[in-house]
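Visitor: Chain by chain, the residues run as shown.
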Amino acid sequence: MTALTGLATEADTAVATGRPSDARAGGRRRTWVQVIRYILLGVLALLYISPVLFMIVTSFKTRADAAGIPPTWIPDPFTTQAYETILTASGTPVLIWFSNSLIAAVLHSLLVVVTASLAAYPLARMTFRGRGVVFSVVIATLLIPPVILIIPNYLIVGNLGWLNSLIAIIIPTAASAFGVFFMRQFFLSLPTELEEAALLDGANRWQIFLRVILPLSKPALATLALLAFLTNWNDFLWPVYVLFSADVQTLPSGLGTLQSANAVRYDLLMAGAVIASVPVLLLFVFLQRFIIEGVSRSGLKG
Amino acid sequence: MSSQTPVGSETRVGASVVEAPTAASVARSSHRPGQSPTRPKRFTPWLFLLPYLLLFTVFVIVPSVFGIWISLHEWDYTLPNKPFVGAENYTDLFDPGSVNAGSFWTSMRATGIFTLFSVPLLLVLPLLVALLMNRRFPGRNFFRAVYFAPYVLGVAVVGLMWRYLLDNNIGLVNFYLGVFGLPDETAWTTSLPAAWVALVGVTVWWTLGFNSVIYLAALQDIPAELYEAAAVDGANSWQQFRHVTLPGLRPILTFVTINTLIASANMFGQSYIITQGAPGRETRTAIYQIAETGLRNFQMGDAAAMSYVLTLFLMMISVIVFWLFREKKEKPLTSGGTK
Chain A
1 MTALTGLATE
11 ADTAVATGRP
21 SDARAGGRRR
31 TWVQVIRYIL
41 LGVLALLYIS
51 PVLFMIVTSF
61 KTRADAAGIP
71 PTWIPDPFTT
81 QAYETILTAS
91 GTPVLIWFSN
101 SLIAAVLHSL
111 LVVVTASLAA
121 YPLARMTFRG
131 RGVVFSVVIA
141 TLLIPPVILI
151 IPNYLIVGNL
161 GWLNSLIAII
171 IPTAASAFGV
181 FFMRQFFLSL
191 PTELEEAALL
201 DGANRWQIFL
211 RVILPLSKPA
221 LATLALLAFL
231 TNWNDFLWPV
241 YVLFSADVQT
251 LPSGLGTLQS
261 ANAVRYDLLM
271 AGAVIASVPV
281 LLLFVFLQRF
291 IIEGVSRSGL
301 KG
Chain B
303 MSSQTPVGSE
313 TRVGASVVEA
323 PTAASVARSS
333 HRPGQSPTRP
343 KRFTPWLFLL
353 PYLLLFTVFV
363 IVPSVFGIWI
373 SLHEWDYTLP
383 NKPFVGAENY
393 TDLFDPGSVN
403 AGSFWTSMRA
413 TGIFTLFSVP
423 LLLVLPLLVA
433 LLMNRRFPGR
443 NFFRAVYFAP
453 YVLGVAVVGL
463 MWRYLLDNNI
473 GLVNFYLGVF
483 GLPDETAWTT
493 SLPAAWVALV
503 GVTVWWTLGF
513 NSVIYLAALQ
523 DIPAELYEAA
533 AVDGANSWQQ
543 FRHVTLPGLR
553 PILTFVTINT
563 LIASANMFGQ
573 SYIITQGAPG
583 RETRTAIYQI
593 AETGLRNFQM
603 GDAAAMSYVL
613 TLFLMMISVI
623 VFWLFREKKE
633 KPLTSGGTK
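Top to bottom, those sequences are chains A and B.
Numbering of the first sequence is given in the numbering used here, commencing with residue 1 and proceeding in unit increments.
Numbering of the second sequence is given in the numbering used here, commencing with residue 303 and proceeding in unit increments.
Don't read these hints as lab results, they were simulated from the structure.
Note that CB positions come from ideal geometry on N, CA and C, so glycine has one too.
Worth double-checking, as some hints may not be accurate.
Claimed, not checked - Only part of the chain A face toward chain B is listed, based on derived beta-carbon distances under 7 Å:
1. Y48
2. L53
3. M55
4. P70
5. A119
6. I148
7. Y154
8. R205
9. L255
10. A273
11. P279
12. L282
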């Protein structure tokens with residue numbers, strides 16, 4: 001307990017944690033402080049998340065209601081018209097954008113996980129000439145601002161004939177230096193005894209990787225796949241400039257075009273935004289622990 | 303893939319007699335104890351690395367050099383001729399009379415303003431949230447999730463949502479400002495300095511959880527004994543924060559600072575969706591200007607030169623940050639705090 005009080009920056013929170021002297025002053029007062037603190041925390045949390053809630057509320061409003069003054073928190077009437085319009089109107093193939101985003105994000109994250117874990121294994125577990133150089137160069141690119149890659153990669157993608165196609169969204173961003181670093185750190189944490197035993201049993205490196213290392217690495221692989229999926233699903237700049245036709249857009253770039261076409265149709269825009277948010281919010285709710293662990297590990301042991 | 307990997311004796315052994323450890327492999331491992339799992343055949347590691355290195359070479363190494371080549375040419379994607387112009391694309395950026403110089407430096411200033419105001423907020427506010435969330439209380443995970451949740455939404459969603467909320471006529475922000483008797487007709491997306499307040503505010507709201515989570519992980523790595531020792535020595539909360547928490551955070555602080563700086567300097571989507579660069583081009587950021595110059599107007603030589611100038615600025619700032627956060631001589635209270 002005393003350790004935790006050290007982290008409090010304000011005097012009142014230190015008191016609330018309960019120093020030994022205060023504890024005797026009465027459990028009742030402490031309970032009240034707790035209750036008030038929870039109410040405050042709750043109100044703050046609700047305020048913090050209220051923009052998202054209002055987006056969802058608006059997506060169930062009519063066009064007029066969405067533009068009404070004063071803004072209301074309860075749709076009147078409650079309608080799914082915005083969704084119906086946006087899903088069926090010819091200029092806004094949201095279902096196609098959705099499947100484009102899904103295909104791209106799934107294939108991209110598979111590619112990241114496969115290439116990064118393959119590359120990380122020898123970097124973590126084998127000694128060979130050039131290992132230090134390879135690892136340093138890969139890590140050094142973490143410091144390269146992605147901006148210098150935009151123009152040349154556009155030309156490379158153009159020369160490969162990938163402009164205006166989903167491949168341009170899936171492959172060029174898949175060389176994840178973070179992924180290699182992340183998987184290498186994980187492999188380093190695995191005990192070597194199992195590999196030694198497998199080597200003695202006559203397994204080769206490939207068999208060890210597939211049957212010993214990968215099964216032990218499921219949590220790390222899942223975390224990396226999830227982070228790659230989220231990044232790809234949400235990517236904006238690259239698809240905005242690389243995809244041109246209405247039917248090859250991803251959801252974010254499609255929403256970008258929707259905005260310029262329907263500047264005032266906030267009911268439609270919010271419905272589109274909700275559709276783009278549902279998969280990531282669901283992933284977040286169910287796999288929160290992996291996402292947060294992945295993010296926190298991305299900053300550690302650097 | 304598996305047909306490529308088997309090279310050498312290990313494979314042959316594995317393929318023929320799997321269950322019986324052969325004399326050869328036993329002998330090898332006893333010959334060099336502890337070495338055998340780390341000594342592969344010569345090409346094995348490279349076969350594992352191959353798919354990644356292929357992607358890495360084509361889309362990271364080649365473009366970072368190719369970009370320099372492009373920047374030295376008058377490079378229009380749509381035209382057949384790409385004449386060599388030497389450093390002209392660079393010198394043009396420093397020549398007030400040239401076409402691109404004005405808009406480029408306006409965009410650099412926009413990036414600078416945004417970075418200057420967003421980075422300190424994104425360093426301090428997440429730390430406060432992390433300190434709060436680091437205390438043990440029931441429901442802590444729920445509150446952590448609430449503050450992190452916006453980060454999983456993409457910039458397109460966040461941008462559209464806030465464009466609506468910030469609408470000067472029908473938006474919630476002006477409405478509630480009015481309710482509390484504050485000025486309620488601010489043009490958040492089309493006037494200065496309101497647009498900067500909006501862009502910085504939205505970004506802080508959106509990404510605060512990311513830095514909080516990283517801080518939180520670092521806070522939990524600080525050994526509790528250090529706080530106990532400090533408390534025994536009579537340190538109060540502030541002194542404990544100053545002499546235990548902050549030094550314990552130092553290694554991670556460099557990472558968070560550089561990471562936040564680079565993210566802020568690459569701000570694009572918020573400006574593209576919420577303000578569309580307005581008013582005028584005042585909130586059009588450097589990366590926005592580079593993308594428009596190179597990928598809309600196809601002046602790729604100029605755009606490549608701009609991207610290297612921006613990168614140079616970023617590198618200089620990163621070096622300054624590393625220098626500021628360099629390991630200083632340890633003070634008595636903090637020694638051992640990071641190990």
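Visitor: Is the interface hint satisfied for A/L255? The criterion is a beta-carbon contact with chain B at less than 7 Å.
Guide: Because about 5 Å separates A/L255 from the closest Cβ in chain B, which is inside the 7 Å limit, the hint holds.
Visitor: Hint check: is the beta carbon of A/Y154 less than 7 Å from a beta carbon of chain B?
Guide: Status holds, d = 6 Å.
Visitor: Return the status of the interface hint for A/M55: holds when the least beta-carbon distance to chain B is below 7 Å, violated otherwise.
Guide: 5 Å, holds
Visitor: Let me know if the C-beta of A/L53 comes in closer than 7 Å to any C-beta of chain B, holds or violated.
Guide: 10 Å, violated
Visitor: If you take the shortest Cβ to Cβ gap from A/A119 to chain B, is it below 7 Å?
Guide: The hint holds - A/A119 has a Cβ within 7 Å of chain B, the shortest such distance being about 4 Å.
Visitor: Taking 7 Å as the limit, does the beta-carbon of A/P279 come near enough to a beta-carbon in chain B?
Guide: Since the shortest Cβ distance to chain B is 10 Å, the answer is violated.
Visitor: So, A/P70 near chain B? Judge it on the closest CB pair being under 7 Å.
Guide: 5 Å, holds
Visitor: Checking hints one by one. Is A/Y48 an interface residue toward chain B, by the C-beta closer than 7 Å rule?
Guide: 6 Å, holds
Visitor: Double-check A/R205 for me: the hint is only fine if its C-beta lies closer than 7 Å to a C-beta in chain B.
Guide: 5 Å, holds
Visitor: Using the nearest Cβ pair, does A/A273 come within less than 7 Å of chain B?
Guide: 5 Å, holds
Visitor: Is the interface hint satisfied for A/I148? The criterion is a beta-carbon contact with chain B at less than 7 Å.
Guide: 5 Å, holds
Visitor: Under 7 Å, Cβ to Cβ, is where A/L282 needs to be relative to chain B, so tell me if that hint holds or is violated.
Guide: At about 10 Å, which exceeds the 7 Å cut-off, the nearest Cβ of chain B leaves the hint on A/L282 violated.
Going down the numbered hints, you'll see the structure goes against 2, 11 and 12, while the others check out.
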